[in-house]
Each structure stands twice: as structure tokens, then as C-alpha cells.
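Chemist: If you read the sequences in order, they're chains A and B.
Count the first sequence with this note's numbering and you get residues 1 to 116, in order.
Count the second sequence with this note's numbering and you get residues 1 to 868, in order.
Hints listed in this document are in silico derivations from the structure and should not be mistaken for laboratory results.
Ideal Cβ positions, reconstructed from N, Cα and C, are used throughout, including at glycine.
Keep in mind that a hint or two might mislead.
Unchecked claim - With a straight-line Cα cutoff of 20 Å, these simulated EDC-like cross-link-like pairs (lysine to aspartate or glutamate) come out:
| # | chain 1 | residue 1 | chain 2 | residue 2 |
| --- | --- | --- | --- | --- |
| 1 | B | Lys61 | A | Asp25 |
| 2 | A | Lys90 | B | Asp233 |
| 3 | B | Lys845 | B | Glu522 |
| 4 | A | Lys90 | B | Glu64 |
| 5 | A | Lys90 | B | Glu452 |
| 6 | B | Lys61 | A | Asp102 |
| 7 | B | Lys817 | A | Asp25 |
| 8 | B | Lys458 | A | Asp25 |
| 9 | A | Lys90 | B | Glu593 |
| 10 | B | Lys610 | B | Glu593 |
| 11 | B | Lys455 | B | Asp444 |
| 12 | B | Lys687 | B | Glu522 |
| 13 | B | Lys75 | A | Glu104 |
| 14 | B | Lys230 | A | Asp103 |
| 15 | B | Lys61 | A | Glu54 |
| 16 | B | Lys455 | A | Asp103 |
| 17 | B | Lys61 | B | Asp847 |
| 18 | B | Lys455 | A | Asp25 |
| 19 | B | Lys455 | B | Asp65 |
| 20 | B | Lys455 | A | Glu104 |
| 21 | B | Lys61 | B | Asp127 |
| 22 | B | Lys75 | B | Glu88 |
| 23 | B | Lys594 | B | Asp806 |
| 24 | B | Lys468 | B | Glu384 |
| 25 | B | Lys487 | B | Glu769 |
| 26 | B | Lys75 | A | Asp25 |
| 27 | B | Lys458 | A | Asp102 |
| 28 | B | Lys487 | B | Glu522 |
As the list claims (entries may be wrong) - In silico negatives: residues of chain B with every beta carbon more than 12 Å from chain A:
| # | residue |
| --- | --- |
| 29 | Glu80 |
| 30 | Gly84 |
| 31 | Asp342 |
| 32 | Thr565 |
| 33 | Phe824 |
| 34 | Ala827 |
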Amino acid sequence: MTLALETTDLKVQLRLDDDWFTVCDLSHLLPGRGVAALLPDGRQVALFRDRAGELYAIDNRDPFTGAAVLSRGLTGTHQGRPFVASPLLKQRFDLASGQCLDDEAVRVTAYEVRTA
Amino acid sequence: MTATLGATPTIVLVGHGMVGQRFLEALAERGLTATHRVVVLCEEPRPAYDRVQLTSYFSGKTPEDLSLTDREFIKDHGIELYVGDPAESVDREARTVTARSGQVFTYDTLVLATGSYPFVPPVPNKDADGCFVYRTIEDLLAIEEYAKKVEVGAVVGGGLLGLEAAGALKGLGIETHIVEFAPRLMPVQVDEGGGAALLRTIEDMGLSVHTGVGTQEIVVGEDGAVTGMKLSDGSELSAGMVVFSAGVRPRDQLARDCGLAVGERGGIAVDEQCRTVTDPHVFAIGECALAADGRVYGLVAPGYEQAATAAATIAADEASFTGADLSTKLKLLGVDVASFGDAHGTTEDCLDVVYSDSRAGLYKKLVIGRDGTLLGGILVGDAEAYGTLRALTGSVPPISPEALVLPAGAGAPAQLGPSALPDDAIICSCHNVSKGTIRGAVTDHQCTTVPEVKKCTKAGTGCGSCVKVLGQLVTAELEASGMEVDKGLCACFSQTREELYEIVLALRINSYQDLLDRYGRESARGTDGCDVCKPAVASIIASLAPAIGASGYVLDGEQAALQETNDHFLANLQKNGSYSVVPRIPGGEITPEKLIVIGEIARDFGLYTKITGGQRIDMFGARVEQLPLIWARLVDAGFESGHAYGKALRTVKSCVGSTWCRYGVQDSVRMAIDLELRYRGLRSPHKLKSAVSGCQRECAEAQSKDFGVIATANGWNLYVGGNGGATPRHADLLAQDLSDAELIRLIDRFLMFYIRTADRLERTSTWLERIPGGLDHVRDVVVHDSLGICDELEQLMQAHVAHYRDEWAETINDPEKLARFVSFINAPDTPDPVVGFVPERDQIKPDLPLLTIGLRPAEEVLEGSAQR
Ligand code: SRM
Ligand SMILES: Cc1cc2nc3c(=O)[nH]c(=O)nc-3n(C[C@H](O)[C@H](O)[C@H](O)COP(=O)(O)OP(=O)(O)OC[C@H]3O[C@@H](n4cnc5c(N)ncnc54)[C@H](O)[C@@H]3O)c2cc1C
Ligand code: SF4
Ligand code: FES
Chain A
1 MTLALETTDL
11 KVQLRLDDDW
21 FTVCDLSHLL
31 PGRGVAALLP
41 DGRQVALFRD
51 RAGELYAIDN
61 RDPFTGAAVL
71 SRGLTGTHQG
81 RPFVASPLLK
91 QRFDLASGQC
101 LDDEAVRVTA
111 YEVRTA
Chain B
1 MTATLGATPT
11 IVLVGHGMVG
21 QRFLEALAER
31 GLTATHRVVV
41 LCEEPRPAYD
51 RVQLTSYFSG
61 KTPEDLSLTD
71 REFIKDHGIE
81 LYVGDPAESV
91 DREARTVTAR
101 SGQVFTYDTL
111 VLATGSYPFV
121 PPVPNKDADG
131 CFVYRTIEDL
141 LAIEEYAKKV
151 EVGAVVGGGL
161 LGLEAAGALK
171 GLGIETHIVE
181 FAPRLMPVQV
191 DEGGGAALLR
201 TIEDMGLSVH
211 TGVGTQEIVV
221 GEDGAVTGMK
231 LSDGSELSAG
241 MVVFSAGVRP
251 RDQLARDCGL
261 AVGERGGIAV
271 DEQCRTVTDP
281 HVFAIGECAL
291 AADGRVYGLV
301 APGYEQAATA
311 AATIAADEAS
321 FTGADLSTKL
331 KLLGVDVASF
341 GDAHGTTEDC
351 LDVVYSDSRA
361 GLYKKLVIGR
371 DGTLLGGILV
381 GDAEAYGTLR
391 ALTGSVPPIS
401 PEALVLPAGA
411 GAPAQLGPSA
421 LPDDAIICSC
431 HNVSKGTIRG
441 AVTDHQCTTV
451 PEVKKCTKAG
461 TGCGSCVKVL
471 GQLVTAELEA
481 SGMEVDKGLC
491 ACFSQTREEL
501 YEIVLALRIN
511 SYQDLLDRYG
521 RESARGTDGC
531 DVCKPAVASI
541 IASLAPAIGA
551 SGYVLDGEQA
561 ALQETNDHFL
571 ANLQKNGSYS
581 VVPRIPGGEI
591 TPEKLIVIGE
601 IARDFGLYTK
611 ITGGQRIDMF
621 GARVEQLPLI
631 WARLVDAGFE
641 SGHAYGKALR
651 TVKSCVGSTW
661 CRYGVQDSVR
671 MAIDLELRYR
681 GLRSPHKLKS
691 AVSGCQRECA
701 EAQSKDFGVI
711 ATANGWNLYV
721 GGNGGATPRH
731 ADLLAQDLSD
741 AELIRLIDRF
751 LMFYIRTADR
761 LERTSTWLER
771 IPGGLDHVRD
781 VVVHDSLGIC
791 DELEQLMQAH
801 VAHYRDEWAE
811 TINDPEKLAR
821 FVSFINAPDT
831 PDPVVGFVPE
841 RDQIKPDLPL
851 LTIGLRPAEE
861 VLEGSAQR
């Protein structure tokens, strides 16, 4: 039952090279909405949780404008794949791969995420 | 290093501009990249980009947006691209090219696509500090930088490019002068009549025009920087910078140096296959080439055709370039100028049909052949018909030429749509795409949207002037082929917004997921939906909240996940990730105390302040974590959210009215405040704006509003469906001489009827034009209650008014909601380091270079830049 899941202290972790970096409690992620996290080297990651509970992480920087805002975009499903639309100029990015769905030439880094 | 002649033949391309890139694509399409080694020498510090759209850099496009080169394409086709390494010499005997870096490449085929250079008249001090040309991204970056320190600028040249450059300078906030030697602007494209209409429009935009005078000398100050220019009529113009845009010349030096024949006025002479007339191993394409018809083409479309011709010839296919059309449309915001075909009427025995209204800045001329064939034309002030007319050129139009130039409403019969065009009419001249090809994309390739057709045919991906016609054609074709044009809201819902509204209201559905799972398209049920339907449904739920038992607070529960970022943070996102804050100032009336509070808050948080066009004050540059702190102080001082972020009521502007004004007949300020307080917080399909004027002089511009009110001696007149913005519309009079209560009742009904039946992001103006029956129908429904729904509409509005609560007051009192206002979930106290500011005119502005580089190492922080 999901209730039990949410009350435990599961942590969201990101894979950075060989290490897992702990970001926050799973309960802090609102389904359908992103948050941003700061990595030790100054990079930023946008973390998302979808309706089914799946977690995704991609670079937070919007490559079209340079602003660190992808975590603040709206999410959705396009042909079965999860995406976020940049809140600035609305280009969509596949959450699993970081590929921009509106411009083949653009892709942002995608990170492996897990709960522990 | 010398590359040896291997088994694979080598093609060396010199110049990676627009035409060079098109040539590479043509090579790839023909499979030549697989059979050849392809080497590209690119002089500029970046690979090919869209020079045609260069000016859009000033409206926010980044150099990356302008790029035409896709790294994958270069890599996948094994193209060797040397960026920043121009060709310095060619040895035609040895068939080698030497680059600046010293690399030497042996070629079997050499293709020159070196473009043009801007012509700078040989006047004294033409190279002084502050003199620029307008050709490359680097030129624009330099202009932008220099413009920061000057107030007045001059553009030499009033042609197509000169006007574009002048518009750009003006956009940078500089007082701009245009100096043109010819007696009129755009002398190449327009005739005298068109020039007069154009002059008026350009001057109305605030640009100063000096025609019939030449630049004699650039005047410089003691430091050697430009201070002005001397003109041929003896006058002097003071200007801190000068942009030369007096035409271009082919870059044919490399060709001259290696003995290739060039034309008298420049240009590498080629034959119809684009092969140089001197050497069969060398081709020249684009602006550097003198085509077989004796012309050098300064437009991209002919260059693309030459690129395709050269690639075909190299592949041993038959192709030829014998000449091209010189149609052009000015891309300057706010000026509609286009010329096409034989615009000056040089064909023997041709006739003109002219419509001219210099008061309105309108001038339209069509050139017609003896047999009725449309040969060309000039459109100034209204170039709507450009796409269709250009495509009709060369054929006899199906309706009379007079009808083609008369403005709508001036007795013009049915407008000519693109369906009247023959299949071989060229719709997109940048990529030479015919109507038949576009229809084929829809019927044979199953493209159902404009973006799909663009991708499939390339039409519309050049200058963009054909996109409108493209859209009409796609819709017409879909309808003709019996394919149902999907009017659904998005890929998740097959219903329109109006239908979803009815479902939500009737079934009292107050959850988006519930609606999606029950009424979404089969494939969308159970998914996460999309960025189109989420905010649309969120808005429906918010407008109906009290009636369907949903929370009226947009950040409650699931609703928080549906909101656009602006609504989610209750502020407006700006280009660098910071936000702007707009407190409500009902009717534009504000006490000195409240003004001081805003001033103090802006000062304490270091925000940029500006009076908006909506009679209130915007504070820019707040970081997300500052929003609650700012609002705690605003709420404390009695301010409420201004909903500048929402598709909701924005402002009700007022004029000062009868209280002070000698003409005023009613108290317009009081009415504006009453209306703004009544409808504040009302979520709608698009934003809603209003204004109240105290008399017919209309100082509050009420007739440009969604609902506007003008005082009369007997009460109020109500106007609806007005709009400013890109497609302005004057509001229509809905009812006259209303009492206060009648006025409010009618507005209640009107707004609720609009919210109920409009499409997503459809302003009242477009809604009124779209719905069957138009204004008469709306009047029947809301004045005469023809549908019997007025009671319900009024009740819905009553419920909204009764349940209104200020979103910010609620937010700052809810710790759980406040926790979202951080830059980083794992470092709530750390501000986003990409949000930085630099000073400008005693305030701040976003540090944009910081966005380009991502993060600036601490030691390189710009002087004066701050990361607050
Ligand atoms: C701040 C302001 C400009 C200013 O400094 O004066 C402004 C700023 C924006 N306008 Fe505006 N508009 C502002 C007054 C206007 C006006 C004048 C008016 O309201 O009297 C108009 C023309 C009137 C009209 O809307 O019919 C106006 C017509 C637009 C349009 C075109 C709408 C249309 O129907 O064509 C857009 C684009 C859109 O909404 O799709 C727009 C969109 C925007 C956006 C939201 C663009 C964006 O998405 O970032 C800007 C964001 C504001 C922000 O970040 O705070 N703004 N905008 C004005 C805010 C008024 C206020 O107090 O709320
Ligand atoms: C502001 C502006 C607006 C315009 N608007 C329009 C429009 O609306 N419609 C339209 O049709 N056209 C327009 N044009 C013209 C259009 O941009 C040109 O026709 C088009 O770019 C020509 O392509 P090209 O490849 O021949 O030349 P270019 O795009 O100039 O490319 C030539 C390239 O070759 C490089 N080069 C030169 N010599 C060497 C060398 N020795 N070695 C290596 N590289 C070299 C140059 O640096 C340059 O990058 C506009 C131009 C400008 C500047
Ligand atoms: S609209 Fe009439 S009442 Fe209002 S300020 Fe203008 S002149 Fe005065
Ligand atoms: S005509 Fe320029 S893009 Fe189609």
C-alpha cells in the first residue's frame, strides 16, 4: 500500500560517476512537479516524480535560454514517454534520456536515480 | 601536412554560410558524402547559422537558436569541418587549398561559397571606433556592446538591411537616424508611391529618415571615436555610432588571386551548372557567384537553388540554375513591406493597378501583363496577401486585380485563399516548395500539422513569410481529404475546451487525473497528461471551484502540479530564472503611503522597478526564495496579488474621471476599482483586461479591452472584445446607457459565457470573431437571455465573488507551501548562482552572459555584477 511507502524515510539518490549522492526525502517530491538540487561541483539537477511513482533526473539548465529552470516546467507523457516542458520557451525534454523532443540536435544530461 | 590523394575523391567547400550548409545537405541527400571525402573551411568562429534571421538575436534568439548546423549531421556524414580556419590560397594547377592554419587539402572538386562582404563607402574615418557593419553574429555582439554607451546612432543605407539594422538600433533604446542616398527608402524594391507610404510608417515608428543625402565624412572626437557625420547637403548629424549597411559585394578575392574569371562588378563567373567558366574543377555558389544570367543574387533562395544545382552536377545529374525571383518581405516588426516578381513594371506593355491611402500608410501596386497575367507587385502597410500573390505570379489570377488590392471592408469581394492557387505555384520560395508538394505531404506522407509539413518539405523554414499560407493549405487539404480535422484540446483529450468545461461542471469533476482517466483519449488514460491540457483543466477547475466543490486555492493538492510555473510560484518567470512581482493596484489608484511601501521593498531587495502599461508597478529580479519575504511585507501593507502571472483578470485601468477632470461625466475611478475588486482572481481561458473612461474622450483606452466601459451622461456604455497586442481589435458596443447595477450584471454574464465557451488561450476578441453568430449571438445570450442560462451565469459569478481569497495571503500563512519557494531542495539557503545581475541606468538587469556560460568562476565575476 502506497501510504506505508510515503511515511517511511526513503531517500532519493542520484548516480554521480561511481557514487550515489543523496538529495532529499522521497516524500518531498510532489507527483507531476519537479524540484532542483545542487550537486557538489556546482551543477544543478532537475528531479521529477511521475504519477506512477517513477523518478527521473536531468540537468536543470535549459539549453535554449541558459537559465536553470527545467525543474519548474510542466511534465507530461508524449507517446508513452515522460517529458518536461521548459517553462521559458516550452521546448520539451524526454525525462529518461534528456533528449529534446522539439529539436533533434539538443540533449541534456540525464542521471540515474534510485530510492534507498 | 598535405593530405594525399586517396582512393576517395575529395570535395573541398570554402565558406560555411547558409548556402555552404545547404550544399552539404544536398551532398548528403544524394549520398555523395558516403563516396567522397568532404572538407569544409569555415572562416567564422561558429558553423553555419541563419543569417536571414540575424536580427532576431535582438528579440531574444541566442546564437544557438540561429544555428543551422547540427553536430550529428556533420558527424554522421563524416564531414571534416574546420571552424575558424579560412582558406588563404588556392593552387589550381596542383589542385590544393591552403588554410590559415597551414593545412593543405588536395581537391578533386572545389566549391566556393564565400558569400559577400558589406560595402563601406570610402569616406574619411570609416574605420573609426564606433563604426560597424551588419553581417555576422560577431557584428551584432559588438553593436550591442557599444550601444550601451551611446544615445544616438545612424545607419548608412535605407535598403532592406539598413531598415532592419535601424530597427535593431532603435530596439536597443537608441535614437536612430537613417541616411539614404536615393530619394526614397528601399529604392530597389519599392517605387515612389510605395516609398512615401513606407516613409510615413518608418517615421511613425520614431526613426528619423534623411533621404537624398550622402555621407561625406565620419566625424570623430579627440579619442578617435565617432561623434557624428557630415552629410552631402552640408548638414551635420551627431551620432555616437554608425552602422554601414550600404549594400554588399561578392567575396571573390580568393578566386581572383587564383586566376578565376570574375565579373566587371565582381562575382565569380559561373555557367548554368554553377561551374566556374574558367576551371571545370571549381564551382561557385551563393552570393559570391555571378550566375549565368549575369546577376549576383543577394538572397538566400537563389543561393539554395545554386547549391542544389552544384550538388546535382557533381553527382552527374542534370540540373541548371538560370535565374530566380527577387521577392522580398521586410522582417522588421511593425512594418509590412513586400515586393515580388517584376515589381517595377519593366515588362513591355504591362499595366499597374494601384491602391493608395497615404493617410493610413497603405500602398499596394500590382503589375499586370497585357493578357491579365500577374507579373509582380509591391505591398506597403499591409502585406497579408504576400504569400498568395507571390505564388500566383506568372498566372492569371482567378479574380480581378482590383479585388486583390482593395483592403478588406472597402468593398473587396471574397478574399482569395490559397485554395485558388494552381498546384505548381511556389508557396515557399526560400526552399522552392510548390503547393503540390505541400498537398502531397498531407495526403501521401500523412502530415497533419504545420510543424510536420515543415519538417517533411522544408517549406516555411527559411524567412518564414510563407507559414501563414502553409497553415491555410494544410487545413484546407485535411478537410478536403475528408480527414477529420482534430479539434481536440491536445493529444490527451479529443474534446474542445468548451466540452471539457461542460463535463467538469455537469459531473462536478474536480480532479484532473479523474477527468483524464475517464474522458481522455484511450491512449492518454493513466498517463501524466501534457503541458497543454494540465493548465487548461486547472483553469477550468479554478473558474468553477465553488460550484464543483474544488478548492479555490491554486496550490492545493493536485492543482499545484497542474499550474504553469508562473502560477506555481505566483510570480512571473523572467529570462534568467528570476521572477517579477506585481501587486494589485485597483483602478490604478494608490496612496502615497502604499507607493512608499513599494519603493522601500524594491530598495531593500534590490529589485528593478518599472511602471507597467497596466497602470501599476512591477518589481523585477526577485529570486524564488525572496518571493515569500517580499510578499509578507506587501500583504502586511494591505496589498494583494495582482495576478500578473495568471490567465485571470489583470487590471481595470481608469482615467481620472468626473472627480477632477473638467470633461468627466461619471466617476470612472470608482467604477474601475469596483470592477477590479469584483473580478480579481477570476481564472479564464486567457487573460482579461478592462478599463473605464469618464467620458467619450476615452483616456483609459477602454475600447481596446476585453470589456471596456465608457461613461455617458446617462450611465455607462459597455464595449466587449477589444484587444491590444499583436492583432489589435476595437471593442464592439454591447449595450448603452446602463446603470451601475445593469452594467455589472451584463459583465458578469458576458465573462461567464466567455469562460464557458472559449478555447484555451483565446482572448475575447478572437472568441467573438470565431463563435457562430458573433456579436449578435453574444448579445442575444447575455442581454436577451436567448439560451435561458443567464441565471446560472450570474450565480457562478456570485460564487466566485463570494469565495475570493488572496492567494499570497494564503500562501505566506502555510509553511508547507512556503517550503516550495527555494532554489534547491537539498540546499534551501543557497541561491541559484545562475541568477546574477549587472547595473544599468541606476538599477539592475539580468546578467545575460552568465546564462551563456552557465557558471562563472569566482575570480572572473564581471565588474559590478552581483549575485544577490
Ligand atoms: C509588465 C508589462 C509591460 C510593461 O512593463 O508595461 C507586460 C509584460 C508582459 N506581457 Fe503584456 N505586459 C503589460 C501590459 C500589456 C498591455 C497594455 C495593457 O494591458 O493595457 C498589452 C496590450 C493590451 C492587451 O492585452 O490587449 C499587453 C499585451 C500582451 C500580449 C498580447 C496579447 C494579445 O492578445 O495579443 C502578450 C502575449 C500573450 O499574452 O500571449 C503579453 C505578455 C506579456 C508577458 C506575460 C510575456 C511573458 O510571458 O513573459 C510579460 C510578462 C510580465 C512580467 O513578467 O511581469 N502582453 N501587455 C505590462 C503589465 C501590465 C500589468 O500591470 O499587468
Ligand atoms: C541582416 C541580414 C538580413 C537578411 N535578410 C534576408 C532575407 O530576408 N531574405 C533573403 O533571401 N536574404 C536575406 N539576407 C541575405 C542572406 O543572408 C544571404 O543571401 C545568404 O546568407 C547568402 O549565403 P552565402 O552562403 O552565399 O553567404 P554567407 O551566408 O555570407 O556565407 C559565406 C561564408 O563564407 C565565409 N568565408 C568567406 N571567405 C572565406 C574563406 N576564404 N574561407 C573560409 N570561409 C570564408 C564567410 O565568413 C561566411 O561565413 C540577409 C542578410 C543579412 C546580413
Ligand atoms: S476620458 Fe474624459 S473624463 Fe476621463 S480623463 Fe479623459 S477627458 Fe477626462
Ligand atoms: S518563403 Fe521563406 S520560408 Fe518559405
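Chemist: Would you mind marking each hint as holding or not holding in the structure?
Modeler: Right, here's what the structure says about each hint:
A threshold of 20 Å between alpha carbons decides the hint, and for Lys61 (chain B) with Asp25 (chain A) the separation of about 38 Å lies outside it, so the pair is violated. This hinted pair does not check out: Lys90 (chain A) and Asp233 (chain B) have alpha carbons roughly 52 Å apart, beyond 20 Å. Note on Lys845 (chain B) and Glu522 (chain B): the hinted pairing is violated, with a Cα-Cα distance of about 48 Å set against a maximum of 20 Å. With a C-alpha separation of about 16 Å, the suggested pair Lys90 (chain A) and Glu64 (chain B) falls inside the 20 Å cut-off, and the hint holds.
The straight-line distance between the Cα atoms of Lys90 (chain A) and Glu452 (chain B) is roughly 18 Å, inside the 20 Å bound, and the hint therefore holds. A C-alpha spacing of about 16 Å is found between Lys61 (chain B) and Asp102 (chain A), which places the hinted pair at or below 20 Å, so the restraint holds. Note on Lys817 (chain B) and Asp25 (chain A): the hinted pairing holds, with a Cα-Cα distance of about 16 Å set against a maximum of 20 Å. Under the criterion of a C-alpha separation no larger than 20 Å, the hint pairing Lys458 (chain B) with Asp25 (chain A) is inconsistent with the structure, at around 48 Å.
Distance hint between Lys90 (chain A) and Glu593 (chain B) is unfulfilled; the C-alpha atoms sit about 40 Å from each other, more than 20 Å. With a C-alpha separation of about 18 Å, the suggested pairing of Lys610 (chain B) with Glu593 (chain B) holds against the 20 Å cut-off. A distance of roughly 14 Å separates the Cα atoms of Lys455 (chain B) and Asp444 (chain B); the hinted pair therefore holds under the 20 Å criterion. Straight-line distance between C-alpha atoms of Lys687 (chain B) and Glu522 (chain B) comes to about 32 Å, which puts the hinted pair past the 20 Å bound.
Using a Cα cut-off of 20 Å, the hinted pair Lys75 (chain B) and Glu104 (chain A) holds, with the two alpha carbons roughly 14 Å apart. Simply put, Lys230 (chain B) and Asp103 (chain A) have alpha-carbon atoms about 49 Å apart, too far for the 20 Å limit, and the pair is violated. For the proposed pair Lys61 (chain B) and Glu54 (chain A), the alpha carbon gap of about 35 Å is over 20 Å, so the pair is violated. Under the criterion of a C-alpha separation no larger than 20 Å, the hint pairing Lys455 (chain B) with Asp103 (chain A) is consistent with the structure, at around 11 Å.
The straight-line distance between the Cα atoms of Lys61 (chain B) and Asp847 (chain B) is roughly 16 Å, inside the 20 Å bound, and the hint therefore holds. With a C-alpha separation of about 43 Å, the suggested pairing of Lys455 (chain B) with Asp25 (chain A) is violated against the 20 Å cut-off. A hinted pair counts as satisfied when its Cα atoms are at most 20 Å apart, and Lys455 (chain B) with Asp65 (chain B) qualifies at roughly 17 Å. Taking the CA atoms of Lys455 (chain B) and Glu104 (chain A), the gap is near 12 Å; set against the 20 Å cutoff, the hint holds.
This hinted pair does not check out: Lys61 (chain B) and Asp127 (chain B) have alpha carbons roughly 29 Å apart, beyond 20 Å. Between the alpha carbons of Lys75 (chain B) and Glu88 (chain B) the distance comes to roughly 25 Å, so the proposed pair goes past 20 Å and is violated. With a CA separation close to 18 Å, the supplied pair Lys594 (chain B) and Asp806 (chain B) stays within the 20 Å bound. For the proposed pair Lys468 (chain B) and Glu384 (chain B), the alpha carbon gap of about 9 Å is at most 20 Å, so the pair holds.
With a C-alpha separation of about 17 Å, the suggested pair Lys487 (chain B) and Glu769 (chain B) falls inside the 20 Å cut-off, and the hint holds. At roughly 42 Å between alpha-carbon atoms, Lys75 (chain B) and Asp25 (chain A) are farther apart than 20 Å, so this suggested pair is violated. Taking the CA atoms of Lys458 (chain B) and Asp102 (chain A), the gap is near 15 Å; set against the 20 Å cutoff, the hint holds. Taking the CA atoms of Lys487 (chain B) and Glu522 (chain B), the gap is about 16 Å. The hint holds against a cut of 20 Å.
With a closest Cβ-Cβ approach of about 19 Å to chain A, Glu80 (chain B) is found to remain outside the 12 Å limit, as its non-interface label requires. Every C-beta of chain A lies more than 12 Å from that of Gly84 (chain B), the closest at about 20 Å, which supports listing it as non-interface. Look at Asp342 (chain B): its CB is around 39 Å from the nearest CB on chain A, clear of 12 Å, so calling it non-interface holds up. A Cβ of chain A approaches the Cβ of Thr565 (chain B) within 12 Å, the least distance being about 4 Å, so the stated non-interface status is violated.
Chain A draws Phe824 (chain B) into its interface by the beta-carbon criterion, the shortest separation being 4 Å against a cut-off of 12 Å. At the 12 Å boundary, the C-beta of Ala827 (chain B) falls inside the reach of chain A, the nearest C-beta of that chain being 5 Å off.
Hint violations for this structure: numbers 1, 2, 3, 8, 9, 12, 14, 15, 18, 21, 22, 26, 32, 33 and 34, all remaining hints satisfied.
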